[in-house]
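Chemist: As a plain string of letters, each chain reads:
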Amino acid sequence: MPGIKGACNYMKQHWDIFCKVVDNYGDIGVAWRLARQLVAEHGLAVRLWVDNLQAFTPLCPEADPRLARQWQAGVQVRHWAPKWVATDMPAVVIEAFGCKLPPGYVTALHAQAGRTLWLNLEYLSAEAWVGGCHGLPSHGGPGYQKSFFFPGFRPDTGGLLRERDLLAQRRGFQAAERAAFLARLGVAPAEGALLCSLFAYENPGLAAWLQAMASGACPVHLLVPQGRIQGELAAWLGEVPQVGQPYRRGALAVQPLPFVAQSDYDRLLWACDFNAVRGEDSFVRAQWAGRPLLWHIYPQEEDAHRIKLEAFLELYLAGLDAPARQALGGLHRAWNFGGNMGLAWQGLVAHRAELTAHAEHWCASLAARPDLATALVQFYRNWL
Amino acid sequence: MKTGKELKPGTVLRIDNDPWLVQKAEFTKSGRNSAIMKTKLKNLLTGYKTETVYSADDKLDDVILDRKEATLSFISGDSYTFMDTTDYTMYELNAEDIEAVLPYVEEGMTDICEAVFFEDRLVSVELPTTISRQVDYTENSARGDTSGKVMKPAKLKNGTTLQVADFIEIGEFIDIDTRDGSFKGRTK
Chain A
6 MPGIKGACNY
16 MKQHWDIFCK
26 VVDNYGDIGV
36 AWRLARQLVA
46 EHGLAVRLWV
56 DNLQAFTPLC
66 PEADPRLARQ
76 WQAGVQVRHW
86 APKWVATDMP
96 AVVIEAFGCK
106 LPPGYVTALH
116 AQAGRTLWLN
126 LEYLSAEAWV
136 GGCHGLPSHG
146 GPGYQKSFFF
156 PGFRPDTGGL
166 LRERDLLAQR
176 RGFQAAERAA
186 FLARLGVAPA
196 EGALLCSLFA
206 YENPGLAAWL
216 QAMASGACPV
226 HLLVPQGRIQ
236 GELAAWLGEV
246 PQVGQPYRRG
256 ALAVQPLPFV
266 AQSDYDRLLW
276 ACDFNAVRGE
286 DSFVRAQWAG
296 RPLLWHIYPQ
306 EEDAHRIKLE
316 AFLELYLAGL
326 DAPARQALGG
336 LHRAWNFGGN
346 MGLAWQGLVA
356 HRAELTAHAE
366 HWCASLAARP
376 DLATALVQFY
386 RNWL
Chain B
9 MKTGKELKPG
19 TVLRIDNDPW
29 LVQKAEFTKS
39 GRNSAIMKTK
49 LKNLLTGYKT
59 ETVYSADDKL
69 DDVILDRKEA
79 TLSFISGDSY
89 TFMDTTDYTM
99 YELNAEDIEA
109 VLPYVEEGMT
119 DICEAVFFED
129 RLVSVELPTT
139 ISRQVDYTEN
149 SARGDTSGKV
159 MKPAKLKNGT
169 TLQVADFIEI
179 GEFIDIDTRD
189 GSFKGRTK
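Protein chains in written order, with our numbering: chain A, 6 to 389; chain B, 9 to 196.
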């Protein structure tokens with residue numbers, strides 16, 4: 006309830022996170038995860054300012070989008086209303102993805118002359134230039150500056166969001182809880198079927214991929230949480246699929262699922278043998294699942310996403326034998342740029358075992374670096 | 009006002025009432041169609057240098073500068089002397105001041121440059137968008153390609169290396185876009 010936990014947080018260091026929902030769940034997904042982790046693992050009092058609480062509730066079903074202020078998972082969730090009302094200033098403010106702080110808030114930052122660290126949390130990219138920009142200041146208005154904080158895969162970046170016990174939880178789940186979780190979702194894959202998940206933007210390559218799975222030798226059970234790919238899925242099935250019901254086509258069973266909260270989406274990724282993900286948040290979570298993945302990157306003007314995809318593939322595929330590298334790289338290029346998904350999928354299935362071992366290795370190598378929330382806290386300590 | 013995207017070497021920003029010269033500006037696409045500009049700035053009063061990042065749509069106070077036509081007169085070590093083409097005044101800059109255009113500066117060049125002045129002091133020099141330079145060395149054409157799509161490295165007289173079309177040979181003059189260092193074609 007508003008106010009009660011706030012009283013408990015009285016002596017804690019106070020951070021603000023501002024997030025504007027753009028067109029998907031990526032921005033708010035990252036901001037919500039970060040807020041919870043800063044509270045749970047770093048003992049901070051965090052206010053998460055969200056301009057669109059309707060978009061927040063699918064990620065946090067307990068939230069009430071009508072409330073201007075509420076507590077969720079120890080985070081004070083505030084509605085970022087168009088008309089800004091003055092508030093107390095924090096030790097740190099994070100402007101998620103260049104969302105532009107309210108002018109009144111910026112004025113207050115200027116007025117208190119450098120007592121608040123102002124960070125712009127940027128988008129994730131695997132490109133090499135990120136390391137050269139990470140942590141740099143942005144001298145702007147009078148008497149004040151903010152710093153750019155870049156998440157990333159390379160050691161010279163801010164790292165990736167990863168809760169302290171995430172991998173232990175995942176391994177425990179995969180060892181003992183997977184079957185019960187799938188049963189709770191009403192998922193009963195056939196013996197020996199490859200269990201896959203699909204979360205993507207609209208993609209004209211879907212029909213060819215589904216067809217390849219349906220006519221393949223390897224049985225596949227595909228779980229599709231609600232999202233933007235539903236229209237193309239319905240078109241291929243020839244009917245509007247009902248959530249929870251499996252639809253069988255040859256060797257393929259397609260089962261739409263409801264949109265699940267972040268914790269359950271993690272478990273879904275952990276439960277599957279292969280995950281197709283999109284954007285930024287689900288993309289990172291799929292890497293912590295330690296399973297091969299297919300990334301549908303956010304499409305950008307002038308094909309800027311092509312360079313970003315190749316930068317990730319260059320890092321991710323390093324260490325794989327050439328045939329497996331070509332198989333997974335080929336599948337990514339086909340999915341994102343309109344190649345032959347049928348052929349690409351066959352290539353991936355042939356190298357499944359090697360790609361699964363590689364995904365675990367990749368996950369472990371990323372986990373050896375500091376996580377994003379810890380890096381943010383350390384950045385603040387260095388700034389003081 | 010200038011936006012972050014409009015920053016380029018030679019721009020002078022006013023930050024906390026101090027003039028800061030943009031010595032280098034690198035534009036990069038970030039996520040979701042946003043972009044950033046990484047810059048190298050020099051405080052024109054103190055000489056202090058720093059690197060910064062701006063969002064492409066950040067709004068920044070810039071200083072209106074005087075500009076005059078100038079040509080390179082001579083190079084001596086790290087010192088580059090330019091001459092005002094109207095009154096023949098000589099101005100000296102060091103290599104760091106013209107870092108962004110340095111790959112295209114060479115002895116004997118005749119390009120009409122734009123000398124940028126802040127309070128009567130030369131702070132930077134801008135080259136024309138297109139310049140012509142002679143190729144000092146490049147391998148022979150590997151495939152006999154004439155389309156211009158196959159590229160190979162080539163070295164200019166000052167040591168700068170860039171990608172040129174496969175059909176370019178040693179001694180030929182090529183056009184270069186100084187904004188990004190790209191090869192534009194054979195000089196006509």
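Don't read these hints as lab results, they were simulated from the structure.
Hints are not guaranteed to be accurate.
As the list claims (entries may be wrong) - Dumping the calculated DMTMM-like pairs for lysine to aspartate or glutamate here, alpha-carbon to alpha-carbon at most 20 Å: (1) B/LYS16 to B/ASP95; (2) B/LYS165 to B/ASP153; (3) B/LYS13 to A/ASP161; (4) B/LYS192 to B/GLU177; (5) A/LYS25 to B/ASP66; (6) B/LYS10 to B/ASP70; (7) B/LYS157 to B/GLU134; (8) B/LYS192 to B/ASP144; (9) B/LYS57 to B/ASP24; (10) A/LYS105 to B/ASP66; (11) A/LYS105 to B/ASP65; (12) B/LYS165 to B/ASP95; (13) B/LYS46 to B/ASP95; (14) B/LYS76 to B/ASP65; (15) B/LYS46 to B/GLU77; (16) B/LYS46 to A/ASP269; (17) B/LYS160 to B/GLU134; (18) B/LYS32 to B/GLU114; (19) B/LYS13 to A/ASP308; (20) A/LYS105 to B/ASP69; (21) B/LYS13 to B/ASP95; (22) A/LYS105 to B/GLU14; (23) A/LYS25 to B/ASP65; (24) B/LYS157 to A/ASP161; (25) B/LYS67 to B/GLU77; (26) B/LYS160 to B/ASP185; (27) B/LYS67 to B/GLU114; (28) B/LYS76 to B/ASP95; (29) B/LYS46 to B/ASP74; (30) B/LYS10 to B/ASP26; (31) B/LYS160 to A/GLU307; (32) B/LYS157 to A/GLU307; (33) B/LYS48 to B/GLU134; (34) B/LYS46 to B/GLU59; (35) B/LYS32 to B/ASP185; (36) B/LYS10 to B/ASP86.
As the list claims (entries may be wrong) - Which chain A residues stay away from chain B? Per the calculated CB distances, all over 12 Å, these: (37) TYR128; (38) ARG189; (39) GLY249; (40) LEU322.
By construction, the Cβ of each residue, glycine as well, lies at the ideal position given by its N, Cα and C atoms.
Chemist: So, for every hint listed, does it hold in this structure?
Modeler: To see whether the hints hold, each was checked on the structure:
1. Distance restraint check for B/LYS16 and B/ASP95: the Cα-Cα separation of roughly 27 Å exceeds the 20 Å cut-off, and the hinted pair is therefore not satisfied.
2. At most 20 Å may separate the alpha-carbon atoms for a hinted pair to count; B/LYS165 and B/ASP153 exceed this at roughly 25 Å.
3. Note on B/LYS13 and A/ASP161: the hinted pairing is violated, with a Cα-Cα distance of about 25 Å set against a maximum of 20 Å.
4. Simply put, B/LYS192 and B/GLU177 have alpha-carbon atoms about 15 Å apart, close enough for the 20 Å limit, and the pair holds.
5. The hinted pair formed by A/LYS25 and B/ASP66 meets the criterion: a straight-line CA distance of about 17 Å does not exceed 20 Å.
6. About 6 Å separates the Cα atoms of B/LYS10 and B/ASP70, which keeps this hinted pair within 20 Å; it holds.
7. Proposed proximity of B/LYS157 and B/GLU134 is contradicted: the alpha carbons are some 29 Å apart, above 20 Å.
8. Under the criterion of a C-alpha separation no larger than 20 Å, the hint pairing B/LYS192 with B/ASP144 is consistent with the structure, at around 17 Å.
9. For the given pair, B/LYS57 sits about 15 Å from B/ASP24 by alpha-carbon distance, which is consistent with the 20 Å threshold.
10. Using a Cα cut-off of 20 Å, the hinted pair A/LYS105 and B/ASP66 holds, with the two alpha carbons roughly 10 Å apart.
11. Annotation: proposed proximity of A/LYS105 to B/ASP65 holds, straight-line Cα distance about 10 Å (limit 20 Å).
12. A hinted pair counts as satisfied when its Cα atoms are at most 20 Å apart, and B/LYS165 with B/ASP95 does not qualify at roughly 30 Å.
13. Our distance criterion of 20 Å between C-alpha atoms is broken by B/LYS46 and B/ASP95, whose separation comes to about 36 Å.
14. For the hint linking B/LYS76 to B/ASP65, the alpha-carbon distance of about 29 Å lies beyond 20 Å, and the restraint is violated.
15. Annotation: proposed proximity of B/LYS46 to B/GLU77 is violated, straight-line Cα distance about 28 Å (limit 20 Å).
16. A distance of roughly 39 Å separates the Cα atoms of B/LYS46 and A/ASP269; the hinted pair therefore is violated under the 20 Å criterion.
17. Distance hint between B/LYS160 and B/GLU134 is unfulfilled; the C-alpha atoms sit about 27 Å from each other, more than 20 Å.
18. Distance restraint check for B/LYS32 and B/GLU114: the Cα-Cα separation of roughly 19 Å lies within the 20 Å cut-off, and the hinted pair is therefore satisfied.
19. Under the criterion of a C-alpha separation no larger than 20 Å, the hint pairing B/LYS13 with A/ASP308 is consistent with the structure, at around 19 Å.
20. The hinted pair formed by A/LYS105 and B/ASP69 meets the criterion: a straight-line CA distance of about 18 Å does not exceed 20 Å.
21. A hinted pair counts as satisfied when its Cα atoms are at most 20 Å apart, and B/LYS13 with B/ASP95 does not qualify at roughly 35 Å.
22. Simply put, A/LYS105 and B/GLU14 have alpha-carbon atoms about 19 Å apart, close enough for the 20 Å limit, and the pair holds.
23. The straight-line distance between the Cα atoms of A/LYS25 and B/ASP65 is roughly 16 Å, inside the 20 Å bound, and the hint therefore holds.
24. A hinted pair counts as satisfied when its Cα atoms are at most 20 Å apart, and B/LYS157 with A/ASP161 does not qualify at roughly 35 Å.
25. Annotation: proposed proximity of B/LYS67 to B/GLU77 is violated, straight-line Cα distance about 29 Å (limit 20 Å).
26. Of the supplied pair hints, the one linking B/LYS160 and B/ASP185 holds, its CA atoms being roughly 17 Å apart against a limit of 20 Å.
27. At roughly 35 Å between alpha-carbon atoms, B/LYS67 and B/GLU114 are farther apart than 20 Å, so this suggested pair is violated.
28. For the proposed pair B/LYS76 and B/ASP95, the alpha carbon gap of about 10 Å is at most 20 Å, so the pair holds.
29. Using a Cα cut-off of 20 Å, the hinted pair B/LYS46 and B/ASP74 is violated, with the two alpha carbons roughly 25 Å apart.
30. Distance check on the hinted pair: B/LYS10 and B/ASP26 sit about 16 Å apart at the alpha-carbon level, within 20 Å; holds.
31. For the given pair, B/LYS160 sits about 24 Å from A/GLU307 by alpha-carbon distance, which is inconsistent with the 20 Å threshold.
32. For the suggested pair B/LYS157 and A/GLU307, the alpha carbons sit about 19 Å apart, so the restraint of at most 20 Å is met.
33. Among the hinted pairs, B/LYS48 with B/GLU134 is consistent with the structure: their alpha-carbon atoms are about 16 Å apart, no more than 20 Å.
34. Restraint check for B/LYS46 and B/GLU59: satisfied, since their Cα atoms lie roughly 7 Å apart, inside the 20 Å limit.
35. Annotation: proposed proximity of B/LYS32 to B/ASP185 holds, straight-line Cα distance about 16 Å (limit 20 Å).
36. Only pairs whose Cα atoms come within 20 Å are accepted, and B/LYS10 paired with B/ASP86 is rejected, the gap being roughly 31 Å.
37. Remark: the non-interface label on A/TYR128 conflicts with the geometry, its nearest Cβ contact in chain B lying 3 Å away (cut-off 12 Å).
38. Every CB of chain B lies more than 12 Å from the CB of A/ARG189, the least distance being 34 Å, so the non-interface label holds.
39. Distance check for A/GLY249 against chain B: the nearest CB is about 32 Å away, which clears 12 Å, and the non-interface claim stands.
40. No Cβ of chain B comes within 12 Å of the Cβ of A/LEU322; the nearest lies about 21 Å off, and the non-interface call holds.
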